[in-house]
Every structure is written in structure tokens, then in C-alpha cells.
Amino acid sequence: MATIEIAGVAVERDPEGFLVHTGQWTPEIAAEIAGESGISELTPRHWRAVEFMRERYLTTGTAPSIRSLGKESGVPIKELYQLFPKGPAKLAAKIGGIPKPRGCI
Amino acid sequence: MTQLLDEIEHEHEATPEPLQKVCIVVSKGSLEGIYPALIMANGARMEGIDADLFFTFFGLDAIRKDRQGKIRVATVGNPGMHLPTIVGVIPGMSWLATKMMGGQMEKLDIPPIGEFIELIHDSGGGIYACQATVEMFELAEDDFVPQLDGILTVGEFYELSAGAQIIFT
Numbered sequence: 001m002a003t004i005e006i007a008g009v010a011v012e013r014d015p016e017g018f019l020v021h022t023g024q025w026t027p028e029i030a031a032e033i034a035g036e037s038g039i040s041e042l043t044p045r046h047w048r049a050v051e052f053m054r055e056r057y058l059t060t061g062t063a064p065s066i067r068s069l070g071k072e073s074g075v076p077i078k079e080l081y082q083l084f085p086k087g088p089a090k091l092a093a094k095i096g097g098i099p100k101p102r103g104c105i
Numbered sequence: 001m002t003q004l005l006d007e008i009e010h011e012h013e014a015t016p017e018p019l020q021k022v023c024i025v026v027s028k029g030s031l032e033g034i035y036p037a038l039i040m041a042n043g044a045r046m047e048g049i050d051a052d053l054f055f056t057f058f059g060l061d062a063i064r065k066d067r068q069g070k071i072r073v074a075t076v077g078n079p080g081m082h083l084p085t086i087v088g089v090i091p092g093m094s095w096l097a098t099k100m101m102g103g104q105m106e107k108l109d110i111p112p113i114g115e116f117i118e119l120i121h122d123s124g125g126g127i128y129a130c131q132a133t134v135e136m137f138e139l140a141e142d143d144f145v146p147q148l149d150g151i152l153t154v155g156e157f158y159e160l161s162a163g164a165q166i167i168f169t
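Residue numbers (our numbering), protein chains in the order written: chain A, 1 to 105; chain B, 1 to 169.
Same shape as in the complex, but just chain B:
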């Protein structure tokens, strides 16, 4: 019994293995849906942790040439904004909220999405698109920014994620 307790205590003392790799799935196309994933991926690389980003559904907007510069904060259906829904629907509200947040982020040295993807890519982070979504939206490789490393099936994504922690956002 004492031995068992000792062993349990020992297990607690052992320092957990440091993270080696993260694979982050980005499924949402709003500003607040995309940035946390980019910050986490870049933060991982800064710590020497491998990081790959897998964009799916509306998350693909972050790496689409035609949409990357048009990512907005959701002012409707987002209780975190503390805006009455009726105000959130006024044309231009989402634009205004995005502009204000953008200014604040620039102050904190957080890059715009395009530059951020480039930063992560140059840091060695992989940028991947989900094949099912690419087919669903009838897109082709040409529709994406040059940092795209490939279009993957879910199976290939899991293969890529071997030994990694998968984070879904």
C-alpha cells in the first residue's frame, strides 16, 4: 500500500513532457474566430513548438485571396460585443467594430491577417486547406494566398497531426 502511494506520488512529481507540436483547426471566418488560432500558432513557433494550421469551412476565408482582407468582427449574434442586436445590424457597424479593433491590434504589434499568415508560414508553420470545403465552395488552389502548403483530406490531416495536440477553434 505504502509502495503504491509512493508510486502515485512519484507520478505526480514527474514533469510532464513539453509540447512538441500543435495542429490548429480554424473553422470560423470572423475576425474573432481567426485571430486566436493565428496567435496560438505563431506563439507555438516562438517557443520552438511545431505548428500547422488547417483551415476549414468559413475559416478558409483567412487564406482566400479575395476574402483575406475582408474579415470582420461579428456584431450580431455575438453577446461578447455587448451591443444590442438592433444596433449590431445597422449597416457599417461590423466595419466600424473591425476598424476599431484593427487599430488597437496594430498598437499591440498584432499584424493584419495576411501578414500574420505570412509570418507563421515563414516561421515554418504549415498552412493547409480542407479538401471537402474546397470542393463544397468550388474553389481551386489558385484561389488561395501563395503561403498555402496544400489541400488535405481529413485523413491526411490526421496523418500530419501524428504526435501533435489538435486544437479546434
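Isolated chain A (complex conformation):
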């Protein structure tokens, strides 16, 4: 657990870099985390996936599977992997300030 200042806010992050408190998230923090993960610019397509993950987590309490991210977010699987080459569900969750998805699918 480490407290780091991102975009002017002191946020707590777990060892993998996920925010510990979802409430601390801001779009500026999202851009910073994206940059760390090798995504230099968050395009509207990135945002669509990130917002879908975040919304789903905030309403259901769990992050969606990659299957529903691909089917329901409006961003198909192929494009998701182009946008987030190191794992769309994991990265979109990290950028969206929600915990790492725990599911196997």
C-alpha cells in the first residue's frame, strides 16, 4: 500500500497500482494512470470502456467480465485489445479507479 500524489491529489494505491478508494478517482488521475501503463492519450473509445467498467462496478459492486465488456460496452473485443494491449479489463479498471477484476473470464 502506498500513498502517491497524482494530479495534485494524495491517493492510496495497492501494490499493483489500483486505487484503494474508488471515491478518490478523478479523470485527471485516470490520465496519469493511463500514461504509466503506456497509454499516452485516452481517446473517446478508451473512455467508453473505462466508464463502462466504472459504472458497472459502482452499480453492481463487481467489475464486469471481459465477455460483457466486449459485448455491452459498445467497444468490441478486437478494438479493446488494440486500445489496452496489456489486458483491457485489468487496465480499464485500473484507469477507472476501481479494484482489479477478480473473475477468471
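Bear in mind the hints are in silico, worked out from the structure with no lab data behind them.
None of these values were measured; they are calculated from a predicted model.
We put the CB at the ideal spot given by N, CA and C, even for glycine.
It cannot be assumed that every hint is accurate.
[Said to hold, decoys possible] No more than 25 Å apart at the CA atoms, straight line, and that leaves these computed lysine to any residue pairs for SDA-like:
#	chain 1	residue 1	chain 2	residue 2
1	A	Lys-78	B	Met-105
2	A	Lys-71	A	Ala-34
3	A	Lys-78	B	Gly-48
4	A	Lys-78	B	Gly-124
[Stated by the list, open to error] Sample of chain A residues facing chain B (criterion: CB under 10 Å; computed from the structure):
#	residue
5	Pro-64
6	Ile-66
7	Ser-68
8	Pro-76
9	Ile-77
10	Leu-80
11	Pro-88
12	Ala-89
13	Pro-101
14	Gly-103
[To be verified] Quick look at which bits of chain B chain A covers, simulated, 3 or more residues with Cβ under 8 Å:
#	segment
15	41–50
16	106–112
Once you have looked at the hints, place chain B on chain A.
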């Protein structure tokens, strides 16, 4: 001596290199023979690890157009089912067990095999068939689902697996 011990200790402390690539061989054609490999391949892609699937022998059923939708749980010769063999042989048992498991899997958001192969393929995972088996069963590229990336000899498979961990299921 102390230096040597220090070195050994140091080796233990070094974090192992993260996995870069897995090649998973699927050799069985039952539901419980196919799904673990698909879950592992998809799981690898979700972590940003490269993954290729190589289907051989009855594992080929998972990517055959005519068989993909007919994959069943083995109710005979499968002690994990905890079914007396005599019950397992009753016609329809395998169908019933498959249907029950399918319902459970859908609840967990695990896709049916066809959709799962498509998901892995769209995620950048390679889908390959074993040439020896294709010849043995007298099949052609046309017999496979469109996600097939190629029919490989074992030599080509090893070439493809350079630097990867090979997992046999």
C-alpha cells in the same frame, strides 16, 4: 562460503520474470477436456500474456464446425462425476449433465465453446489445428470454424512456441 551463501540467497530474492507467452495443447474432446484450456488461454490474454491454442486428436472437435456445438461432459469413465458407471451409460445422461453444467457456466458468464473460441481469437490468441490429426480424420480447412489461423505440423508448432511455456491438456 559466506559469499556463496549470499549469492544463493540473492538468487532466491530475485523476482522471477513474468510470463510472456503460453502455448496450450488441447488433446481431449470432452467438455471438461476443452474448457480449462480455453479459460487459461483467455485468462492469459486478459493479463496481457500472449496465448496460442493448438488442437490435436479429439481436441479438434472444439473447432470443427460439425462438432463444436455437440461437446459433452463424460459421464462414463469420469470418477469426478461421482455417478455409478451403470447410471452414466443411460442414454441422455451425458446430455443432461452437459445441460446442467452449461446453465451453471452461463451464470458465471463463461461463454459456450463457439463464442469462447471467437473471444480468444478476437483477443489476439492464435487458433491452430494439428496436421497429423487433420490428415488422420481426413479433414480439410473447410471443416473448421472461421477463427482457424492455420494447420500446423508439430515442428511448426514448436517454432511458434519459441520462448513460450507449453501447457498440455
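Do the hints match the structure? See the list:
The suggested pairing of A/Lys-78 with B/Met-105 holds, with an alpha-carbon distance near 23 Å, which does not exceed 25 Å. For the suggested pair A/Lys-71 and A/Ala-34, the alpha carbons sit about 23 Å apart, so the restraint of at most 25 Å is met. With a C-alpha separation of about 13 Å, the suggested pairing of A/Lys-78 with B/Gly-48 holds against the 25 Å cut-off. This hinted pair checks out: A/Lys-78 and B/Gly-124 have alpha carbons roughly 7 Å apart, not beyond 25 Å.
Checking A/Pro-64 against chain B by beta carbon gives a least distance of about 8 Å; that is within 10 Å, so the hint holds. Hint status for A/Ile-66 relative to chain B: holds, with the closest Cβ pair at about 6 Å, below 10 Å. The criterion of a C-beta within 10 Å of any C-beta in chain B is met by A/Ser-68, whose closest approach is roughly 6 Å, and the hint holds. For the restraint placing A/Pro-76 at the interface with chain B, the shortest Cβ-Cβ distance is roughly 7 Å, inside the 10 Å limit, so the hint holds.
Given hint, A/Ile-77 at the interface with chain B, holds; its Cβ is 4 Å from that chain's nearest Cβ, closer than 10 Å. With 10 Å as the threshold, the beta carbon of A/Leu-80 comes within range of chain B, its nearest partner Cβ sitting at about 8 Å, so the hint holds. For A/Pro-88, the interface hint holds, since its Cβ comes within 10 Å of a Cβ in chain B; the closest pair sits about 8 Å apart. Hint status for A/Ala-89: holds, given a least beta-carbon distance of 6 Å to chain B, under 10 Å.
For A/Pro-101, the shortest C-beta to C-beta distance to chain B is roughly 8 Å, which falls under 10 Å, so the interface hint holds. Checking A/Gly-103 against chain B by beta carbon gives a least distance of about 7 Å; that is within 10 Å, so the hint holds. Interface restraint, the segment 41–50 of chain B with chain A: holds (6 residues with C-beta to C-beta distance below 8 Å; minimum three). With 4 residues having a beta carbon nearer than 8 Å to a beta carbon of chain A, the segment 106–112 of chain B meets the requirement of three or more and the stated coverage holds.
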